[in-house]
Amino acid sequence: MGGLCVLLVAVLTLAFAQPGEVVGEAAPEAQVLDCLVDRALPAEPAVTADGGFSFQFQALAGTAVDGRSCTVHRLRNSPGGPPTPVRWLAGAELLVDKARLGRCDDGSCEWVEVARYFEGGFELSDSTLGYGLNADQFTSVTDSLVAVTEPNLGAITASVGTEVEGTVQLADESEIAIAFTVRSRLRRADGGSLTLVYELETATPALQPGGRLALVWDAITPGGDRVLAPDRTADRAFELAPTFAGDGRVELGPDIYALELPVDALAYDPRSRLSVVERTRPDAVLLSVPMPAFVPDR
Amino acid sequence: MTTSTRRANGLVRLGSRGYSLIKKSLGLYGTTVALVQLLPAVVTLVVVAFTPSALLSPTLRRWMLVGSLVGTLAGKELFAARAGLRSFHVVLRGGSIERAGGLGRLAGSALVIAAVAFAGLRLHLALVDTAFIEQFTVLTPVFDFYLSGRTVAGLLFNGVAAVLTGVMLAGVVAGAPAALLNRREARRRRAREAERTGTLGAVEEAIAALEKATKALERARDDLALAAIAREGELAREGELTREDGLGREDGLARDHVGARDVAADVPPRGRAPLASKAKTRG
Numbered sequence: 001m002g003g004l005c006v007l008l009v010a011v012l013t014l015a016f017a018q019p020g021e022v023v024g025e026a027a028p029e030a031q032v033l034d035c036l037v038d039r040a041l042p043a044e045p046a047v048t049a050d051g052g053f054s055f056q057f058q059a060l061a062g063t064a065v066d067g068r069s070c071t072v073h074r075l076r077n078s079p080g081g082p083p084t085p086v087r088w089l090a091g092a093e094l095l096v097d098k099a100r101l102g103r104c105d106d107g108s109c110e111w112v113e114v115a116r117y118f119e120g121g122f123e124l125s126d127s128t129l130g131y132g133l134n135a136d137q138f139t140s141v142t143d144s145l146v147a148v149t150e151p152n153l154g155a156i157t158a159s160v161g162t163e164v165e166g167t168v169q170l171a172d173e174s175e176i177a178i179a180f181t182v183r184s185r186l187r188r189a190d191g192g193s194l195t196l197v198y199e200l201e202t203a204t205p206a207l208q209p210g211g212r213l214a215l216v217w218d219a220i221t222p223g224g225d226r227v228l229a230p231d232r233t234a235d236r237a238f239e240l241a242p243t244f245a246g247d248g249r250v251e252l253g254p255d256i257y258a259l260e261l262p263v264d265a266l267a268y269d270p271r272s273r274l275s276v277v278e279r280t281r282p283d284a285v286l287l288s289v290p291m292p293a294f295v296p297d298r
Numbered sequence: 001m002t003t004s005t006r007r008a009n010g011l012v013r014l015g016s017r018g019y020s021l022i023k024k025s026l027g028l029y030g031t032t033v034a035l036v037q038l039l040p041a042v043v044t045l046v047v048v049a050f051t052p053s054a055l056l057s058p059t060l061r062r063w064m065l066v067g068s069l070v071g072t073l074a075g076k077e078l079f080a081a082r083a084g085l086r087s088f089h090v091v092l093r094g095g096s097i098e099r100a101g102g103l104g105r106l107a108g109s110a111l112v113i114a115a116v117a118f119a120g121l122r123l124h125l126a127l128v129d130t131a132f133i134e135q136f137t138v139l140t141p142v143f144d145f146y147l148s149g150r151t152v153a154g155l156l157f158n159g160v161a162a163v164l165t166g167v168m169l170a171g172v173v174a175g176a177p178a179a180l181l182n183r184r185e186a187r188r189r190r191a192r193e194a195e196r197t198g199t200l201g202a203v204e205e206a207i208a209a210l211e212k213a214t215k216a217l218e219r220a221r222d223d224l225a226l227a228a229i230a231r232e233g234e235l236a237r238e239g240e241l242t243r244e245d246g247l248g249r250e251d252g253l254a255r256d257h258v259g260a261r262d263v264a265a266d267v268p269p270r271g272r273a274p275l276a277s278k279a280k281t282r283g
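Order-wise, the sequence lines are chains G and H.
164 is the number that the working numbering gives to position 164 of the first sequence; each next residue is one higher, with no gaps.
91 is the number that the working numbering gives to position 91 of the second sequence; each next residue is one higher, with no gaps.
The shape of chain H in the complex, shown without the other chains (with noise of 0.2 Å):
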């Protein structure tokens, strides 16, 4: 490999380098933009989902209320019965519970059914907006039907609300601690696992350590190579460059007469410069 092979090679890997942070920070910085220019919106999506004017009935709110006491309870003993709660004398004889299948069925299955019975609830919420139905006509019917005053529809406006909130909360309440328990469940796993493989483990680990370590070395000798052949280019550049301006003097005033540009063509390009500057400042 040539010393200007090596060169180019070098400042291939710097603009590719360079590339790649441009577009790391103009991506990072777009992400940004669409978020600041997102943020209105999801801040009005957030209010409109979490604050319905149906939610100004304290009616509804009771009824809710009972719906998220009830799902809360039945999220709870979901969770308990899945977590194998009640098993902890066999946890205090220094027995182990296998539940790490269980739990992750139940945080999927849970965390998907609360986030859909929150989508239903806050539709079935919507129902009632007087807004919402003018923008979505064809539910005109159900929107006069709920607030028709008649006790059935109020029963079940405000049943499946309650309803609703409280799969919701159960789901929330059994899925999100079981998708925890889960984790610390898969980490407890793994360090096992490691613990079983032992001396050996270790062993492989210091072997890739190692190879990493020979990488990283080989990769310094080489640059340091590359350095030393730089250095010793400008040096050879320079010791030309002192032979011909010893020369130079040698010949006197005559080598004035013969013309600058003379002198000038019989030097490599890389010399030219230099010498031309000195032919002027001669002159």
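Just chain G, with the same shape it has in the complex (with noise of 0.2 Å):
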């Protein structure tokens, strides 16, 4: 009879989980970007399908190449799929937006990668995926895995930054693939003294000097309306907002485009963004994704 009872819950539960919903922990997957993953939300890849619209995704969770925790959230359209803007939240907070999967046959259909490197940990949380005209037309709510960073604001470094890789499509329906990492970085000298590291790091030809794309960052631009990327004219790596101008001081290594700011005092910014645009439209972002930063505390 116990046996029985047992057999009907299994059965029972099996029969009203959500399509993609895990059940039970997920098998480690292969590292994804620079995060191991040892948790997968759902297990599989998930499709979420309405009217017309069919794209998959997928949450993982686990433990960064240098040992911070870190998530992923990714997007890939299905076979013949339309193309499907996205937008995915948990709540308030950020995950994915103006993701733009393209059309793409079987087999070439390409994630759309966004990973998070973090101190701290991560949580279950209700997520909503919107999708088609204005990336909420349709929606389906799912289980997802989402940051919870704790950054250690005493500590003598601390660092926390967001890894992207995906397609991006232009003004010119010309679509370009993107693929970059940007950290906020803190550091203590001996002394006491502080010092905030603005980074880029970025193999994509359009993401460097002289190329067509730039990112705006919301954490030291306040307003959003300056681009941020490396200048081919000036020798830094971020046009920065007033407040910065005329503080920092730019290193310049392979790939890697940074600015050091000296500051007295300095606070956390969890919810900022980090946008892709066109230099010549920067106020037409082509993704966006959560960028949490050090700002000086003013």
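By construction, these hints were calculated from the structure, which means they are not laboratory data.
The reader is advised that the hints may include incorrect statements.
Said to hold, decoys possible - Just the calculated beta-carbon pair ranges, DEER-fashion: (1) Val142(H) - Gly120(G): 43 to 49 Å; (2) Asp50(G) - Gln135(H): 16 to 22 Å; (3) Ala115(H) - Asp106(G): 44 to 50 Å.
Stated by the list, open to error - If we take Cβ atoms under 8 Å as the criterion, some of the chain H residues that face chain G in the derived model are: (4) Thr5; (5) Ser53; (6) Ala54; (7) Leu56; (8) Pro58; (9) Thr130; (10) Phe136; (11) Thr137; (12) Asp144; (13) Ser148; (14) Arg150; (15) Gly154.
Because the structure is a prediction, the values reported are computed rather than measured.
C-beta: ideal position from N, C-alpha, C; glycine also.
Hey, can you piece these two chains together into the complex? The hints should help.
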């Protein structure tokens, strides 16, 4: 009798499980970007489909190669599916916005992946996938893994970063594959002096000096009306908001563009966003992802 | 006109009326059947027309709400201007506002524009419908553009939808009351015209009514004359039969020997059947 009850409960659990919902712990997957995945939600990429749109999604979490925590949110169009704008939110927290999943054939559908590296952990949370017209024509509610960042602001060093890999479509309808990592770091010297470092690492020519793309990071450009990108004419990695102007020092390395900014005190902004834009159209966002930052406490 | 000719005319008239009734009832029936058959298609079209999947987008609905508010205000403003609502003081002083022509034009043009805007809006909303695009693949580049996720594409799609919604509502808000007001004005104009013609108009109406009554009385007189003639004919036939019956009684049994067939041959065709019947009864 007891066995029958257990069987009944198991059958009901499976019957009422949402498509793509995790049942139990996922088997560790191979590394995705710099994240060594030990949890996936759903265990296998789930498909959401409505109104003729159809695409796959999955949230991953684990440990980054440098030992911090990491999450990855990824999206991929289904073969033959129409172009699909997607916005992925977990409550008020942005996971991915303005992702545009282009048409693809079987075998050519690539993931749009957004990885976050941080000190802290992650938690299970309801999330909403909005897609179609205005990225809110259809919605799909699903569980997801959400980063809980807890940087130690009193430590000698701390870092938070976001890595993006995917494709964006420009105004002239040309598509560009992008891959970059943006980091916000703090460094505390022996004497206690603080330095904030904003860093972009990319091998994508479009994001390098003279390229067509740029980044807008609203943590250091209040209002988001300034373009942040390696500048072709000026010898600096980012063009900053007026509050930062003249304070920074530029360090350039191979495919790394960074700005060091000495500050007296700092704060942590966990809600800031990073957007990919065309340099000639900085207001037209091509992709938007979360990118927390250490900022001067003024 | 002989009795048989009049009877024939009556039959033709009756047949004609019957045919008209049948035709009318069949027409009504045919229309009803056609409408019933078309009903599912009409319902489907209405559903498709008023519930496009694009309206599931809250962002689009907000844009269209703004468009509808602006359009409603614009329509009200347009109607107020053409209807002379700002000239109430003229009316209050006992004057009148010349607005019939303007209202007629406004009603016609605004309602046509509203209909065109509705059709355009419906087509516009269909441009982001995957099922529609699968049927009209030539529009795929438009679909891809609007769903590119780019800011400009979203602004353009939402903006066009808002403008079309605004134009449609402006047309309805201005055109529908203008049409109603125009109709009322026309009725009043006719009443004023009748009032202007005065006693002469009333006399003309009385003459027309009298003519109608005369015709009706003439028809009634003809019908009565026909009925009287028919009655006379029937009485004559009955008298003839009575006379024949009396002669038969005088002849007695001798007539039975002559044979019923010979007697029947002598009487007119109309009297043959009853006489034969009587002969059989007696035999």
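Query raised in the report: What are the numbers of the hints the structure violates, in ascending order?
Result: Those not satisfied are hints 4, 10 and 11.
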